[in-house]
Amino acid sequence: MGDVGRKVPERFDVIVVGAGPAGCAASYMLAKSGFKVLLLERGRGPGSKELYGGRIYAQPLRDVWPDLDKKAPIHRWVTKERFSFTWGSRVVTLEYRVGRSVSFTTYLPEMAKWMADRATEAGALLVDEVVVDDIVVRDGRVVGVRSGTDFLRADVVIDAEGVNRILLEKLGLAERLDPGKVAIGAKEVLRVGEGAINDRLGLSKKEGLAWLVAGDVTEGVPGGGFIYTMKDTISVGIVLHVGRAVEAAEKGFLRTSIHGMVEKLRLHNYFKQIWGDADVVEYGGHLTIEGGLGLVPKKLYMDGFLVVGDAAGLLLNTGYTIRGVDFAVTSGKLAAETVVEAFNVGGPTEENLSVYESKLKSSFVWRELVKHRGISEIMSDPYYFTVLPALLTSLLKKLFEADYEEPTIMDAVFEAASEEDISIAKLLLKLASVVGRV
Amino acid sequence: MAGYRVVVGIKWVPNTQAVRFDPKTGTLIRQGVPAIINPQDLHAIEMALRLRDAYGGEVIVITMAPPPAVQGLEHAIGMGADRAILVTDRSFAGADTLATSYVLARAINKVEREIGRVDLAVFGQETIDSSTAHIGAQVASWLGWPYIYYVKQASLSNGSLRVVRQLEDVIEEYEAKLPAVISVLAKALRPRHVSLLNKLRARTERPIITWTNKDLGLDTRCVGLKGSPTIVAKVTYLPEVPRLKKVHKAENPREAARWLLKNLLSDEKTRDLIARALWGEGSA
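These protein sequence lines map, in sequence, to chains B and C.
Sequential numbering of the first sequence, starting at 1, is according to our numbering.
Sequential numbering of the second sequence, starting at 1, is according to our numbering.
Don't read these hints as lab results, they were simulated from the structure.
Small disclaimer: the values here were computed from a predicted structure and weren't measured.
Possibly wrong hints are sitting among the right ones.
Only pairs whose alpha carbons sit at most 27 Å apart, straight line, appear in this in silico DSS-like list of lysine-lysine [stated by the list, open to error]:
hint	chain 1	residue 1	chain 2	residue 2
1	C	K245	C	K214
2	B	K264	C	K269
3	B	K272	C	K246
4	C	K269	B	K272
5	C	K245	B	K264
6	B	K251	B	K181
7	B	K71	B	K181
Okay, the calculated beta carbon distance ranges per label pair [what the hints assert, rightly or not]:
hint	chain 1	residue 1	chain 2	residue 2	range
8	C	V33	B	K251	30 to 36 Å
9	C	A275	B	K251	56 to 62 Å
10	B	R44	C	P229	54 to 60 Å
11	B	V98	C	S131	39 to 45 Å
12	B	R44	C	L278	34 to 40 Å
13	B	G346	C	L216	41 to 47 Å
The beta carbon of each residue, even a glycine, is placed where N, CA and C say it ideally should be.
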């Protein structure tokens, strides 16, 4: 059929595997610099396999797309941060009204599509519905990708495959996923209506709320609940530490499924007033990185090869903020810069691409991960997800639920502790170690 | 060209599994619902590709649809079709099966005039969004070609077609002279995945032609809404069976079945509902 069109290009300068935030950022930057880029995605359309809580930190994305604020599909700018401890019907909530909004809410598939569109406008070629089975290595050099029986050559392959690192495992750069290092998230999207969201949460137009919940919503398993306001919907979900959840389930402590927990959170009397009987219009689940540096692969670069985004283990969960998309975009940008520089000094050799690691290690992404590296131990310790919320709610019960006589704060603390069978000494020791780590 | 030229007709349909029902108006909410290739048409594409792989020639996939259907045609090219034709025109909108089959038949005529002889036209058994199973038969009528449906296997030799057709209780074998039209039995074959190089070809070579009514030159009284004599006179919705919200943790399958049967039959209202759902109003 030689009568139709031009021939398939035999090789690309760069093949990017995965059209998520990291892959799209790398593709965009490289295409803009004149590289012939192929962006491969296994789902139907960019972002179709993605799911997250709902919030993105903006500035690192502006570094790549300066017109982000005007052009990106931003739902709401987060102006209210809430944090709640729940224990039974008792809830303690802390609210912070931010002075300057630094993050926004959006659906990740929508955002990924926007990023992929920027990449294709810059000249990258996006091909979806294609699964990459192998990164092809010859004589220690990455030379392309294999999908089924098809092989496609490239000078550089950028692995942006996400948290399920099938390709990295095959390359021997990553171990099989350790349940202790990943969390599972599940969420529901509730159609509440723009006006109702604004009225019930005291938000103005385009203002948003981000809300994290800890306590018995996860039934003692490390993790938490989250609530994010989109334009006319609210996302409600639960994140669980997989390793701890499995332990608890095997011992018989945990009997509720994660979607059962999401439903309980949706039906929780305290939270329910916000969305009432709103329809669940969507639901989904995804793995995520538990945080810290535990999931960084053995190597982030090889001859002709770079790893970015979740695949590179770049996600931080401090318990009060979760940063993944901005880290991914930054790593994609740094990978692209590295490739451009490598071609200026002789090509994508292992040595030239090793610059990526030094760039990454001197970036805010790595500094953040190092700074908060103690957090993963805390975030996987059931103690903080049972004792703290129990003590706090019990303490406030003593203070606020007195019919005649109110205890002093100190008395209340000790009464609450003995009622919940909590050792104050152990608590203080634990808290001291938290301070030490963080 | 050596071998056979096979045209496959596909439909770009809303994914009915994702379509929600508006309980107030009783209509489907199609807004924001992702479109897909009618799943049964994937089996038709697969059969055409297997014929080409076995005997040579080419597979041309054709659809009458609004422009976003290019996505579906790219998928077909990704599976291995050689080229694709999007037949699209505002005047084709609102077509019933008669008007649709007329446009498709005339498009196949145009393929014959401009690309070359068509040996076989292949369709899926029926579509998930309307389930009429008309199109194959109607296209065959317009073209004056023999039509065989529920085809499970097909082979070609010396200008004729042999097929195995599966009905509920018999398997029949037919032979027909080419050109012919067949529709493929639902789930007869396992449609192949999109391949990297084919999908890349879909994106780089643009092997998709677009034909509007300027190219086809059809009488506007015979296409779209104007050319569609079918009228939906009345739609009646079956009563929705209310959920009883009973959950039973069974000890074993046998006990589960026993519990289910006991519960279904002991309650008179449930018994009525089952009877009505199975045999219609008044049967209880």
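Structure-based check of all given hints:
{"no.": "1", "hint": "K245/C with K214/C", "in the structure": "57 Å, violated"}
{"no.": "2", "hint": "K264/B with K269/C", "in the structure": "31 Å, violated"}
{"no.": "3", "hint": "K272/B with K246/C", "in the structure": "24 Å, holds"}
{"no.": "4", "hint": "K269/C with K272/B", "in the structure": "34 Å, violated"}
{"no.": "5", "hint": "K245/C with K264/B", "in the structure": "17 Å, holds"}
{"no.": "6", "hint": "K251/B with K181/B", "in the structure": "20 Å, holds"}
{"no.": "7", "hint": "K71/B with K181/B", "in the structure": "35 Å, violated"}
{"no.": "8", "hint": "V33/C with K251/B: 30 to 36 Å", "in the structure": "44 Å, violated"}
{"no.": "9", "hint": "A275/C with K251/B: 56 to 62 Å", "in the structure": "48 Å, violated"}
{"no.": "10", "hint": "R44/B with P229/C: 54 to 60 Å", "in the structure": "36 Å, violated"}
{"no.": "11", "hint": "V98/B with S131/C: 39 to 45 Å", "in the structure": "54 Å, violated"}
{"no.": "12", "hint": "R44/B with L278/C: 34 to 40 Å", "in the structure": "37 Å, holds"}
{"no.": "13", "hint": "G346/B with L216/C: 41 to 47 Å", "in the structure": "57 Å, violated"}
Hint compliance for this structure: hints 1, 2, 4, 7, 8, 9, 10, 11 and 13 are not met, and every other hint is.
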